[in-house]
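When you get a sec, could you build the whole thing from the sequences and use the hints?
Chain by chain, the residues:
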Amino acid sequence: MNFKQKTSLALAAIALTASNFAAAQTTLLNVSYDVAREFYKDVNTAFIANYKKTTGKDIKIDQSHAGSSAQARAVNDGLEADVVTMNTTTDVDFLASTGVVAKDWAKKFPSNAAPTSSTMLFLVRNGNPKGIKDWDDLIKPGVQVVVVNPKTGGNGRMAYLAAWGQVRKKGGTDAQAQDFVSKLYKNVPILAKGGRDATSVFLQRNIGDVLITFESEVVSVDKEFGAGKVDAIHPGISIVAENPVAVVERTVAKKGTAEQARAYLNFLYTDEGQEIAAKHAIRPSNPTILKKYASTFKPITLFRAEEFFGSFAEAQKVHFNDGGQFDKLYTVK
Amino acid sequence: MTAAVLQAPAQKRAPKRVLPGFWLTLGYTLFYLALIVLLPLSALIFKTFTLTLDQFWAAVASPRVVASYQLTFGASFIAALVNAVFGLLIAWVLVRYQFPGKKIIDALVDLPFALPTAVAGISLTALLAGNGWVGSLLEPHGIQLAFNRNGVVIALIFIGLPFVVRTVQPVLEDAEKELEEAATCLGATRWQTFRHVIFPTIAPALLTGFAMAFARGVGEYGSVIFIAGNMPMISEITPLIIISKLEQYDYAGATAVATVMLLASFVMLMVINSLQAWQRKRAGA
Chain A
1 MNFKQKTSLA LAAIALTASN FAAAQTTLLN VSYDVAREFY KDVNTAFIAN YKKTTGKDIK
61 IDQSHAGSSA QARAVNDGLE ADVVTMNTTT DVDFLASTGV VAKDWAKKFP SNAAPTSSTM
121 LFLVRNGNPK GIKDWDDLIK PGVQVVVVNP KTGGNGRMAY LAAWGQVRKK GGTDAQAQDF
181 VSKLYKNVPI LAKGGRDATS VFLQRNIGDV LITFESEVVS VDKEFGAGKV DAIHPGISIV
241 AENPVAVVER TVAKKGTAEQ ARAYLNFLYT DEGQEIAAKH AIRPSNPTIL KKYASTFKPI
301 TLFRAEEFFG SFAEAQKVHF NDGGQFDKLY TVK
Chain B
1 MTAAVLQAPA QKRAPKRVLP GFWLTLGYTL FYLALIVLLP LSALIFKTFT LTLDQFWAAV
61 ASPRVVASYQ LTFGASFIAA LVNAVFGLLI AWVLVRYQFP GKKIIDALVD LPFALPTAVA
121 GISLTALLAG NGWVGSLLEP HGIQLAFNRN GVVIALIFIG LPFVVRTVQP VLEDAEKELE
181 EAATCLGATR WQTFRHVIFP TIAPALLTGF AMAFARGVGE YGSVIFIAGN MPMISEITPL
241 IIISKLEQYD YAGATAVATV MLLASFVMLM VINSLQAWQR KRAGA
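Line by line, the protein sequences give chains A and B. Heads up, the first sequence is in full-length UniProt numbering, so the first residue is 1 and it goes up one at a time. Heads up, the second sequence is in full-length UniProt numbering, so the first residue is 1 and it goes up one at a time.
Just so you know, these hints were derived from the structure itself, not from any lab. This structure is a prediction, so every number in the text was calculated from the model and none was measured. The beta-carbon is built from N, C-alpha and C at its ideal position, and this holds for glycine as well. Take the hints with a grain of salt, since some may be wrong.
Residues from chain B that keep clear of chain A, each with C-beta distances beyond 12 Å, as calculated [to be verified]: (1) F31; (2) R96; (3) F99; (4) L172.
If you want a taste of the chain B side facing chain A, the calculated C-beta under 7 Å gives, among others [as the list claims (entries may be wrong)]: (5) P63; (6) A129; (7) N131; (8) F147; (9) N150; (10) G222; (11) I225; (12) M231; (13) P232; (14) M233; (15) S244; (16) E247; (17) Q248; (18) Y249.
Pair ranges (Cβ atoms, derived) [claimed, not checked]: (19) K57(A) x A61(B): 53 to 59 Å; (20) A61(B) x K183(A): 25 to 31 Å; (21) V93(B) x G127(A): 49 to 55 Å; (22) P129(A) x D110(B): 42 to 48 Å; (23) F266(B) x T98(A): 29 to 35 Å; (24) L24(B) x P189(A): 45 to 51 Å; (25) P100(B) x T296(A): 55 to 61 Å.
Encoded structure:
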């Protein structure tokens, strides 16, 4: 046997073991957004046990987390995700536009394919020294507001749309909303790059009087930094930020994992999945479980982006794309 | 005239090479460079061709983007200048003096090379923010170093330092001390010795170090992003603009801005290289 034959034999052996291993166990890759890491860790453990019980088969879930849009780009460029779980509808819409997920992805699962949602709340320093109760307090002179740059983070887009939409919800016009938002961003000393960056600017660098961020982040901050350092403030009105999920048709067709991928996403809608979400301060779509955790999810008036912006895609175009409303805030002196 | 005529026949003859295989190695070099450097860069330029000229212009010349060029190139220039002065000083000390712990200090210079730039950015921010060790001392005097343009320059100084030190150091080591001694013997002051003897020797290397630090600064993202504050029109660097265009799935717009950066850097490196060649020629004459 010469060297060439030996190598090819060795390679064949490796390939064989690898394929044996793959056959014994299906692996799904869940590509998700930044701050959902802990949530999906718990979901995966529960799902694996549940899957074993119902089908008798083993399954493994790999997870990947980074900024929501960056993840969507990675999947579009070829990252072999079986499912995507994002924090803004725009990211999944983008994948639908390139044919990576189904065009009608939002109809494939209940509640617009969003098993969970979140909303934007305020975090203030302990004792609320500036007396911040609602949106109107944020545009007072001398109040410093920390938010994420809407150009670089979904968190920032939600905060902006929440600020704009709450004016409309109270009966204001678009012009009044624009006025409010421009006053608000005049009080912003730093535009953070992403959700976690904003939290660290606010808590570790001690900058700003109030941080606008996701409800789930507000609660986890409370846990991580110890209660008593900051207070969560629930404004009267805020926006619904749905967390859409979708099966990546391109990958599951190739790997033959469509059934498992669907089972995984459906699990998020089960009582068990919904409870896990609630424990991570992510709003479950099941109303009964939402009510059960009423102490975490204090009632606030919520509005959907569709109410005032048409859709997220429309909002993106009008407000955040280059030359949009957000750019005008900073270019018109 | 006569000199040129005399030289002409000598140039026609191919110079004798010590080692064989010139064409093979040249071919390999070109192939490898094309694969690693030119191919990705051409992909960048091809992607911008999906834009019409008007769209391209709109993407690269909007006020926010122009403000970011000013910051990126301006801050990189200042940082490279600072590094040229203080990097030279460090190189000088490391070459000319013996002191305990010199090896450690020498190794320390390379740290900005090895450190993930985000780590540098985060630790610099922790240090310079209003509640950091340094920031808390300066803030009461109205000096704010983090979350504004100062922060950008400081981050770029940090990551650019090794380029100057490491290019100047070997040249200083090779410089003949006898020349300096001779200058002193002939009655030159220390400043004269530095200006006429030492500086001409190291100037090309210093310029190279400056150019590299500058080029590095222009492309830097990780360390700056944490300390800049990222306010549009004020402290937004161009790499952030590129990222934010990608966040909007504007691939073509992002590559358009990237192409502008690429061209600007290329032109600047060309200018600096020719300056250097001129300098070397003058020093040699």
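Hold the hint about N150(B) up to the distance rule: shortest CB distance to chain A must be less than 7 Å.
violated (14 Å)
For the hint on G222(B), just tell me whether its beta-carbon gets within less than 7 Å of chain A.
Hint violated; G222(B) Cβ to chain A Cβ min 11 Å, cut 7 Å.
Evaluate the given range 29 to 35 Å for the C-beta pair formed by F266(B) and T98(A).
holds (32 Å)
Interface hint status, I225(B) versus chain A (Cβ within 7 Å)
holds (6 Å)
Take the shortest C-beta to C-beta distance between S244(B) and chain A; is it under 7 Å?
holds (4 Å)
Tell me if the beta carbons of L24(B) and P189(A) are separated by a distance inside 45 to 51 Å.
violated (60 Å)
Check the non-interface label on F31(B): least C-beta distance to chain A beyond 12 Å or not.
Holds, since 26 Å exceeds 12 Å.
Going by Cβ atoms only, is E247(B) closer than 7 Å to chain A?
Since chain A brings a Cβ to about 5 Å from E247(B), closer than 7 Å, the hint holds.
Would you say the C-beta atoms of P129(A) and D110(B) sit inside 42 to 48 Å of each other?
holds (46 Å)
Can we keep the P63(B) interface hint, with Cβ of chain A closer than 7 Å?
holds (5 Å)
May I ask you to test the interface hint for M233(B) with respect to chain A, counting a Cβ-Cβ separation under 7 Å as satisfied?
holds (5 Å)
Cβ distance range 25 to 31 Å for A61(B) and K183(A), holds or violated
Since A61(B) and K183(A) have Cβ atoms about 29 Å apart, the given range 25 to 31 Å holds.
Taken one by one, the earlier hints fail for this structure at numbers 9, 10 and 24, listed in ascending order.
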